[in-house]
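> Sequence:
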Amino acid sequence: MPTIADCRFFRFIIPNTENQFVSFQLFLFYYSIPRPRMQAHINIDFLLVQRMPAPFSNAARENMSNPVEISTTNGQSWSIYWIVEEEHPHRIVFTGGWRAFYEHYHLRIDNTMLFSYHQPKFFYVAIHDARYCEINYGRNLRNGSLPAIPAHGNYTVQFFAIIPVNDPDTLMLPLRFSRDYGRSLPRPLTLTTPTGHHHRVAWNMEPNGRIVLHGGWDAVREHYGLKDQWLVLFRYHEAQNTMYVMFFNGHTMEINYLAHAKPGTDSTCISYPTAPKSRHIADGFRSTNPFFVSPIVHRLATRFLPNVPPLPGVYEDSPISITNERGAWTVQYTHYVGRTTRCFGMGWCALATACQLRHGHVCVFERLAPQDYRLHIY
Numbered sequence: 001m002p003t004i005a006d007c008r009f010f011r012f013i014i015p016n017t018e019n020q021f022v023s024f025q026l027f028l029f030y031y032s033i034p035r036p037r038m039q040a041h042i043n044i045d046f047l048l049v050q051r052m053p054a055p056f057s058n059a060a061r062e063n064m065s066n067p068v069e070i071s072t073t074n075g076q077s078w079s080i081y082w083i084v085e086e087e088h089p090h091r092i093v094f095t096g097g098w099r100a101f102y103e104h105y106h107l108r109i110d111n112t113m114l115f116s117y118h119q120p121k122f123f124y125v126a127i128h129d130a131r132y133c134e135i136n137y138g139r140n141l142r143n144g145s146l147p148a149i150p151a152h153g154n155y156t157v158q159f160f161a162i163i164p165v166n167d168p169d170t171l172m173l174p175l176r177f178s179r180d181y182g183r184s185l186p187r188p189l190t191l192t193t194p195t196g197h198h199h200r201v202a203w204n205m206e207p208n209g210r211i212v213l214h215g216g217w218d219a220v221r222e223h224y225g226l227k228d229q230w231l232v233l234f235r236y237h238e239a240q241n242t243m244y245v246m247f248f249n250g251h252t253m254e255i256n257y258l259a260h261a262k263p264g265t266d267s268t269c270i271s272y273p274t275a276p277k278s279r280h281i282a283d284g285f286r287s288t289n290p291f292f293v294s295p296i297v298h299r300l301a302t303r304f305l306p307n308v309p310p311l312p313g314v315y316e317d318s319p320i321s322i323t324n325e326r327g328a329w330t331v332q333y334t335h336y337v338g339r340t341t342r343c344f345g346m347g348w349c350a351l352a353t354a355c356q357l358r359h360g361h362v363c364v365f366e367r368l369a370p371q372d373y374r375l376h377i378y
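When the count follows this note's numbering, it moves up by one through the sequence shown with no breaks and lands on 378 for the last residue.
The hints are simulated quantities; they were obtained by calculation from the structure and are not laboratory data. In this text, a Cβ means the ideal position worked out from N, Cα and C, and glycines have one as well. Incorrect hints may appear among the rest.
Label-pair distances were calculated between CB atoms; the ranges are [said to hold, decoys possible]: (1) Gly225 with Pro120: 26 to 36 Å; (2) Pro276 with Glu238: 35 to 45 Å; (3) Asn204 with Gln332: 15 to 25 Å; (4) Glu238 with Met172: 45 to 55 Å; (5) His280 with Ile109: 42 to 52 Å; (6) Met205 with Ala354: 27 to 37 Å; (7) Ala328 with Tyr378: 18 to 28 Å; (8) His198 with Asp169: 44 to 54 Å.
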């Protein structure tokens with residue numbers, strides 16, 4: 001399991017008649033039977049609380065803040081209270097505030113949530129639809145503007161797939177992703193893991209338009225010890241034409257192969273970097289606060305900082321306070337004109353000039369509060 005400072009896991013919303021904890025196995029069972037048989041038995045009360053996985057609950061309940069802050073991809077932040085339930089056994093259960101969160105985001109049966117926990121204060125939550133693709137709620141949630149495929153952060157689209165039973169050679173990707181991005185996907189596809197390893201995998205498109213990974217996927221499964229019904233999270237960068245993957249076990253907890261390779265690694269990256277130098281700095285940075293890493297490589301980096309990840313608890317076009325030993329600055333957290341990728345805009349030029357940033361530097365932004373960051377320069 002990843003260190004508790006950087007722990008990710010999935011939670012599934014499915015009907016349950018007894019208001020009990022819904023396991024991943026029950027989620028799989030639900031999808032294996034005809035839907036009409038289940039629809040009449042939905043207990044809506046189950047949807048108004050949210051239970052955490054037992055491994056996470058056991059590790060986090062002693063130190064986790066109450067309430068805890070939950071931030072979503074559109075920058076909104078929620079305070080959620082929790083209790084420890086004596087049954088199920090001793091699981092953390094989100095209660096106070098969860099119903100408002102549930103209703104605000106129109107969560108429904110078949111939705112899936114990816115929780116990223118940064119101890120002890122907050123979670124970052126990405127919500128996926130029934131077709132396993134992340135929902136981009138954008139800035140117009142109340143107006144019902146819910147684009148099907150997101151285009152935010154430093155990746156274009158995020159989705160997951162479930163490893164099939166008794167089929168070690170193939171993995172089927174969601175139909176929505178296949179149809180929207182299949183024409184531009186390289187052959188073979190290179191999968192990059194958090195450890196920095198690259199695996200070339202062949203793929204075909206079936207008559208129904210769905211992409212199926214095959215040649216080379218069996219080697220990936222064997223290399224990482226992946227089992228039937230485990231999950232694979234994909235993050236596709238269209239501009240870079242690259243695919244990053246993370247693996248989740250039967251408890252829906254992310255497997256941290258990096259920590260296994262280097263015991264004691266304590267990574268709290270909001271967005272794990274891909275460049276070798278940035279990754280090396282992220283692996284060595286120690287803090288109980290979340291952070292993100294950004295290399296200075298762009299030719300316009302002294303005017304604005306590109307590819308800033310979604311910042312938990314921060315709305316778009318909000319001011320961000322950044323401090324270091326040279327001073328304090330206020331920069332605008334915004335996006336490129338005509339694009340949804342975030343950046344630091346107005347105010348960044350003054351910071352870059354004062355700190356003498358240049359090509360080759362790597363910046364670590366340590367989160368002290370939702371709109372307060374400390375800058376470390378390497």
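> Is it true that Met205 and Ala354 lie within 27 to 37 Å of each other by Cβ?
Violated - the Cβ-Cβ distance for Met205 and Ala354, about 51 Å, lies outside 27 to 37 Å.
> Could you say whether the range 44 to 54 Å given as a hint is met by the Cβ separation of His198 and Asp169?
20 Å, violated
> Could you say whether the range 45 to 55 Å given as a hint is met by the Cβ separation of Glu238 and Met172?
21 Å, violated
> Lying within 15 to 25 Å: is that true of the beta-carbon distance Asn204 to Gln332?
About 45 Å separates the Cβ atoms of Asn204 and Gln332, which means 15 to 25 Å is violated.
> Between Gly225 and Pro120, does the C-beta distance stay in 26 to 36 Å?
31 Å, holds
> Does the hinted range 35 to 45 Å hold for Pro276 and Glu238 at CB?
22 Å, violated
> Against the range 18 to 28 Å, how does the distance between the Cβ atoms of Ala328 and Tyr378 compare: consistent or not?
20 Å, holds
> Between His280 and Ile109, does the beta-carbon spacing fit 42 to 52 Å?
43 Å, holds
The structure fails to meet hints 2, 3, 4, 6 and 8 from the earlier list, while all remaining hints are met.
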